[in-house]
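So the sequence lines, in the order shown, correspond to chains X and U.
64 is the number that the working numbering gives to position 64 of the first sequence; each next residue is one higher, with no gaps.
30 is the number that the working numbering gives to position 30 of the second sequence; each next residue is one higher, with no gaps.
Note that these hints are calculated values from the structure, not bench results.
Fair warning: there could be bad hints in the mix.
Claimed, not checked - Keeping only pairs whose Cα atoms sit at most 25 Å apart, straight-line, the calculated BS3-like set for lysine-lysine is: (1) X:K203 with X:K57; (2) U:K141 with X:K120; (3) X:K71 with U:K141; (4) U:K141 with X:K148; (5) U:K141 with X:K102.
Computed from a prediction, not measured in an experiment: that's the story for all the values here.
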Amino acid sequence: MFPLKISSVEINIKEKRLLGPINLLLQQKGISVVLGANGSGKTTLLESIHGLRNLSKGEINWAIPNNLAAKEQSFVFQTPIMLRRSVLENLMYPLRVRQFSKPYANKEAMLWIKKIGLEKKVNQQAPLLSGGEMQAVAVARALITKPKMLFLDEPTASLDGLAKKTIEDILILAAKNDTKIIMSTHDLGQAKRLADDIIYLHKGLLESHCSKNEFLNSPPSEAAKQFLAGDIII
Amino acid sequence: MNEILQGLAQAFWLIISLDTELITISLRSLYVTLTALLVSIIIAFPLAALIVVTRFRFRRLVITILNALMGLPPVVVGLLVYIIFSRSGPLGVLGLLYTTSAMIIAQAIIITPLIASVAHQSMQGLWADYRDLLISINTSKPRRIGTLMWDSRRALITACLAGFGRGIGEVGAIMIVGGNIDNATRVLTTAISLETSRGDFALALALGFVLISLALSVSFATHWFGKTERGGLW
Chain X
1 MFPLKISSVE INIKEKRLLG PINLLLQQKG ISVVLGANGS GKTTLLESIH GLRNLSKGEI
61 NWAIPNNLAA KEQSFVFQTP IMLRRSVLEN LMYPLRVRQF SKPYANKEAM LWIKKIGLEK
121 KVNQQAPLLS GGEMQAVAVA RALITKPKML FLDEPTASLD GLAKKTIEDI LILAAKNDTK
181 IIMSTHDLGQ AKRLADDIIY LHKGLLESHC SKNEFLNSPP SEAAKQFLAG DIII
Chain U
1 MNEILQGLAQ AFWLIISLDT ELITISLRSL YVTLTALLVS IIIAFPLAAL IVVTRFRFRR
61 LVITILNALM GLPPVVVGLL VYIIFSRSGP LGVLGLLYTT SAMIIAQAII ITPLIASVAH
121 QSMQGLWADY RDLLISINTS KPRRIGTLMW DSRRALITAC LAGFGRGIGE VGAIMIVGGN
181 IDNATRVLTT AISLETSRGD FALALALGFV LISLALSVSF ATHWFGKTER GGLW
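When you get a sec, could you build the whole thing from the sequences and use the hints?
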């Protein structure tokens with residue numbers, strides 16, 4: 001499935017360019033964190049790679065055919081989308097879509113429910129959970145199919161410390177189990193904790209793609225320096 | 001006022017004495033409307049879901065037509081069905097005129113747009129929430145349709161009740177295509193019409209009360225068995 005090659009990708013809406021042109025090469029291992037100010041194109045980049053947005057220009061090529069690659073990916077949205085079903089049924093859903101048997105889906109879902117600590121809420125309607133619980137369910141639902149590529153769009157943006165830690169621990173474990181993770185975040189601390197490499201976007205353009213240490217120790221651009229210093233970037 | 005009380009008393013008496021004719025007419029009313037409802041559901045739900053999940057040319061036009069057809073005048077529908085199934089009509093050879101089958105067809109034509117429009121409206125809202133998730137999970141179109149229908153089932157029950165209400169209370173179309181024939185096509189509404197024209201207001205009122213009781217009973221039973229307002233929000 002890897003490397004993932006993104007060539008001259010652009011997203012335009014009417015005459016306005018939201019993203020690009022972006023050229024990027026992603027390898028299988030580790031956690032790639034996408035950083036950038038609001039409106040820099042982080043979400044658009046993730047959605048484009050995942051296939052939720054039609055490209056205005058350019059190509060996204062996986063090492064395997066794109067239709068097969070689509071089956072090996074999962075996406076966690078910034079605002080968790082819960083099916084109007086119980087927690088258990090939400091977790092079983094992607095497995096049932098992939099034609100796994102009901103008993104197998106049930107068993108796997110129960111394992112994940114234990115991992116995220118929601119044993120007491122197995123049968124509760126998922127949209128009635130707290131924000132942190134919903135995001136944990138969303139992450140578990142994304143990982144239950146053992147994807148080779150996991151996209152996360154600011155998954156902990158509105159969560160408190162404990163909920164954030166629960167999700168980060170799951171992500172670290174998933175990365176160790178050979179799931180490539182690409183996530184956007186505003187949280188520099190989270191980037192420091194999780195990232196192997198950092199993709200920095202500014203005004204829809206890729207400013208840099210380098211290792212975490214390289215990015216933190218010698219920021220590759222003026223905007224990146226300002227971002228790291230916590231300045232307001234206009 | 002006196003006539004209303006007389007009607008109530010007569011309705012009460014007709015029900016507790018298990019009047020054979022009343023029971024036959026009531027069962028025929030239920031048979032015609034429930035069958036028409038079933039036919040409508042089979043057409044309307046998948047059609048509404050398909051319109052929701054598919055982008056095609058003239059989509060807006062189709063939705064507008066569907067909404068406009070909600071106000072289809074029953075008498076006109078009755079007239080059209082009459083012409084089609086009359087001896088000289090294109091389907092006259094089937095010999096369906098003045099049978100319950102013709103009444104079912106007329107009612108199905110009347111309530112299908114109503115059910116499809118209400119179903120479309122409720123599934124449209126759900127699709128706005130689910131779209132990105134279902135695409136991300138790589139679901140097929142039939143799976144998306146199935147998921148939307150299942151997760152909006154409570155709203156769809158309401159659509160069914162609206163259709164049932166319109167069907168069971170309908171008189172114009174079934175009078176034309178059924179002919180209000182005693183022991184064959186007479187239903188509650190056509191019987192009420194007949195008794196009113198005869199001047200037997202008490203009996204007409206009694207039948208009216210039975211009709212209302214029937215409609216309410218079906219509605220309560222649907223809510224009861226559908227577990228609406230129980231087990232969570234939906």
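Next on the checklist: Hints numbered earlier in the text: which of these fail when held up against the supplied structure?
Outcome noted: Violated: hint 2 alone.
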